[in-house]
Each structure stands twice: as structure tokens, then as C-alpha cells.
Amino acid sequence: MSATATTIENAPLRPSRGARAFIHRLRNGDEIAHIITLVFASTILLLAILLVCILWRDCHLSRAQFGWAFFRTSTWDPVFSQFGALPFIYGTLVTSVLALILSVPLGLAAAIFLSELAPRKISDTISFLIDLLAAVPSVIYGVLGIFVVVPLMRTTIGPALKHTLGFLPIFQGPNYGVGFLTAGIVLTIMVVPFIISVSREVLLTVPRDQREAALALGATRWESTWKVVVPWARSGILGSIFLALARALGETMAVTMVIGNDPRIATSLFSSGYSIAAVIANEFAEAFSDMHVSSLIELGLVLFLMTFILNGLARIMIIATERGGGRPS
Amino acid sequence: MSGLRLFWRKSLNVVMLTLTGVAAFAVVSVLFMILGYLVWKGGSSLNWNFFTKLPVPVGETGGGVANAILGSMKLLLLAAVMGLPIGLIAGVYLAEFGGKSYSFVIRYTTDLLNGVPSIIIGIFAAALFVLPVHHYSTFAGGAALAIMIIPITLRSTEEFLRSVPGSLREGAMALGASKWRTIATVVLPAAKGGIITGVLLALARVAGETAPLIFTVLGNQYWTTGWNQPTAALPLVIYNYAISPYDDYHRQAWAAGLVLLALVLLTNIGTRFALSRGASGGSN
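Sequences listed follow chains Y and G, in order. Counting in my numbering, the first sequence runs from 1 upward without gaps. Counting in my numbering, the second sequence runs from 1 upward without gaps.
Be careful, since some hints might not be right.
[What the hints assert, rightly or not] Here are some of the chain Y residues that sit facing chain G, going by a computed Cβ distance under 10 angstroms: (1) N28; (2) D30; (3) I49; (4) D77; (5) A135; (6) F147; (7) V192; (8) V228; (9) P231; (10) M253; (11) F288; (12) M291; (13) R315.
Hints are computed from structural coordinates only; laboratory data are not their basis. We treat Cβ as the ideally placed atom computed from N, Cα and C, and that holds for glycine.
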């Protein structure tokens, strides 16, 4: 009784300061605005979680049926409901790695030019043009791939490679124009802008005195860039490469249009192949059995996890470089 | 001996630095090659029919892609209605209200969501809106594009809100305005130009997306009414026509590609121009 009395008695006299401040802010609308924006921001988190859950749920059929064998077998036969993912994983990795081998030297060189050599105005203009290149829709790269790169591959690049490097097993076999190498070349053009713009940003954060110290010791411009500036920014550059790899792995339209769409594992880069994204794009709308849909969704989940991990690592590396420099240890 | 070494180092310097310049100009020249090729191949097929007529069967002349242009507009409208509020308001949260750790989580998730391949977003939208009801719809495609728009708008909104000087906020608060009034009447108007730019760029980005549309809106040869049917879309038309074996369709694919590319590039160039003019105007 007395306890109740004190509460009632004291309530108007001694409300906690936090509560009063809260009511006051509520009256101002600040807390309401805070909560509303918080809810909208949390939607992002929910969306990401929902995405993973839906993919996981909708591929339970094929997970239950094939288990880990899904990743070890290479038969893809919708008619007999046999699904193995190996050729698609192989095609995705081969084309992406090929794209990296071609785009990293090109992109890094261009980024060095833009951050170290070019005057600021020229550098900004070129960077803007390169950003435009990154904005070109992938289906347009696909159209150019079909009508420009494929014929070029069949008549010029392919024969030239066979003539000079034909002793390597990767450059042997028939060349129809479509295949791993063509897809790799188209992907190169598509991911190079990402490498350049992120690497340039990272290189520009390298402190000026690092360059000056190297030059003062008698290094040439190139030596100061290659032995001091690039190592300083290396984890950020690695981050940009990871971002590019993630983009190449998930690229759909351009690859679908030039890779040949034939699930096989071949040593020759001239051979046609298939990628995860391409098979999903081609078959999802026409999949008639639940198992087929489920297998395609499992492929999607695999692709999602690959890009998710790469993107996660890339962000951490870029953040680390921009905060304190990837100091050479 | 040391003279030879110096000569070698200096030559290496010149050669490597030249190569970096060559690389940069080679990459930039690709942009002009793409543009030139599309204008050359697609320009001649652009005419009044192209923008106003429905597709016709192979062999007949005078067909167009009017239904695809309308379809793309409807998809963008849906994406904007569903995606922009979330992106914009969440951006306000990150820039104005967010604490440290939860904001980091949201920002990180946003970046990851931005990096998810568009085909996966397509599967997600199909699993939510197509597989359960067993038919393709404009709505499902719009939802897929909306999911892609959210992370882009969110980050650009946050960035532009952060670039509003703190003194403006302090001034408003010193006059007794509450925080949300400060944001609504001072900060948001100050960042308006930048936010609109971000929205336009986000729309331009998803306007060219093809992969998430293939199995959500499917494509359509005719006009679509309402939001619950399969619809045509410009990127889908480009894809389907380009992989078809007919020259007539190839020509239309080039033309549609030119239209799409022009839209995307003009939006990018226009917003860039507007932004840089706004920035210099602000400093004067």
C-alpha cells in the first residue's frame, strides 16, 4: 500500500530524466522520425536475409536429392532429371579468371596513369569517360560481343593465337568464334572500368611524401610508383580486383550471348562452354519440372555465395586501405 | 657499368610510363568504338515507326518496339514507386540518425546487396512473385528492379546529405527547430539537387538491366494492360532480337541498343554537368 502511495505521490515529482527527455523529443517528432527512418533502413537488412532464406528454401529439392554430388557431377539432363553443376562452375571460373588475367594489367596501368602522371583535369575527364563505360548496359556489350567480337575471334584473333601459341593445349581444337576466350574478352572490357576507378581512388589516397621520399633517393618516376606507391595501396588494389572478379562471376547477358551455351569441361579456350548465370538465364523460364527449377536455384545460391564472399572481402580491404594505408610491413 | 644501369632504368621508366598512358587511352577508346558502332549500325533503323508501332513478323516492314518502350517505362515507374522511398528514407537514417555500429551493418549490407548479380535478384523476385502464382507479371519485374534501385539510391542520398555543411544544421537548431524539422526544411532542400541526381542515375542503371527481367516479365509481342501480365521491355527486346537469326531483327536490336545507350549516357552526362555547375555556383 505504502509502496503504491509513494509511486503515485512521487510520480509527478520525480519522473526519470530519460523518460521526460524521451517524451519531450517525442513531442518534437524527433523520436518518431528516428524510428520511421530506422524501420526503412532495417528493410535493407531484412531484404538481404530474406534473399538468402528464399534461395535456401527453394532449392531444398535438389539439395535433398543430390547433396554434395551436385558439385562433383557433370551431367545436366532436364529430361531425366539428372543435374550436376560442375561444367557451369568450371565455365564461370574459367571465363572470370581469364577476364582478370587480361584486365588487371590493363586496369592497373590505366589507374597508374590517371593517378600518377596525368594532370588533374585530364585525369578527371578520362575517369568520367571510364565511368560512362561502366554504365553501358550489359546487354549492349552482349550485342557487340555477338556481332563484333565473335566474328573477329573466328577470323583474326583465333587463327593468330593458333599460329603463334598453338603448341599450348589451351589454344588447340576447333574455333567457332563463341566460347571461353570470347566470353573472357567481353568480360575484360566490362570489368576494366571497375578496376580503374577503384584503383585510382585508392592510389590517390597514398600520401604525397611517400612519392617525394622515393624520388629524393634517386628513384625514377616509374620506380617510385611501382616500388613505393603501388605496394602502399596494394590491399585496396586487391580489393578492386575482388570487386571486378565478383562482377565477372555474376555477369549474365554478355556471357550468355557469346559463351556458346554448351555444358562441357574442355581444356581448349576456343571450346564453347556454359556459365552459372547463363544457364539460369536460358533455362529458368522454361524449366518444367520442380527439380529443374530447384537445381537452377541451387546454382543461383552458389553464385550468390561466391560473389557475396568476394564482395565482403573487397569492401574490408578497400576500407582498410583508405583508413590507414596498407603499409608494407 | 653504372652508366649502362642508369640508361636501363631510365629506359624502363619511359617505356612503362608510356604503356600506362596507352592502356588508359585504349580503355577510353572502347567507349567511342561502342558509341560509333551503335550509331553506324542502329542509326539508319531509327524512324517514326520504330517508336510508335508494334513488332511485326519477320519479313514484313515497318514494325517498331513501342510496346517495349512503354513496358520499360512501366517497369521503371514500379521500381521507383517501390524502391525509391526505402532508399531515400534509409539514406536519411544513415546520414542523420544512425549510430555507429548499426549504421555500419546497414551500410555494409547495402554494399553487398549492390554487388549481388542481377540474375540472382531475378530469381529472388521470381521466387516471391512468379513461382507461387504461376504466371509472369509486370509487377514482378518492377519488384526486381526496385530491389536493385534501393542500394544505389541509399548510398547516393547518404553521400549528398553528408556533404551539407554542419553549420546549416546548427543554424536551424539554434533557431529552435527540432531535428526532424531541420532535416525536412533545411538539410533535404540543400541536398535536393544531389539526391535527384542520384535517383536519375539509379533509374538509368536499372533501365538497362536484362537478366532480372527474363523470368519475371518474360516479354510480349503486344500491348500490355495493367500490371499483372507479361510485358515487353527494351533490354529484353535487344537480347531476343540479337540472338534471333533474322537480319530484320538484328537491325532493330541495334536501333533499340542505340536508344537505350543514348538514354543511359545522356542521363549520366546530364547529371554530371548539372552537379558540377551546382557545385561551382554554390561556391561563388
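- request: Provide an ascending list of the numbers of those earlier hints which the structure does not satisfy.
  value: 4, 8, 9, 11, 12
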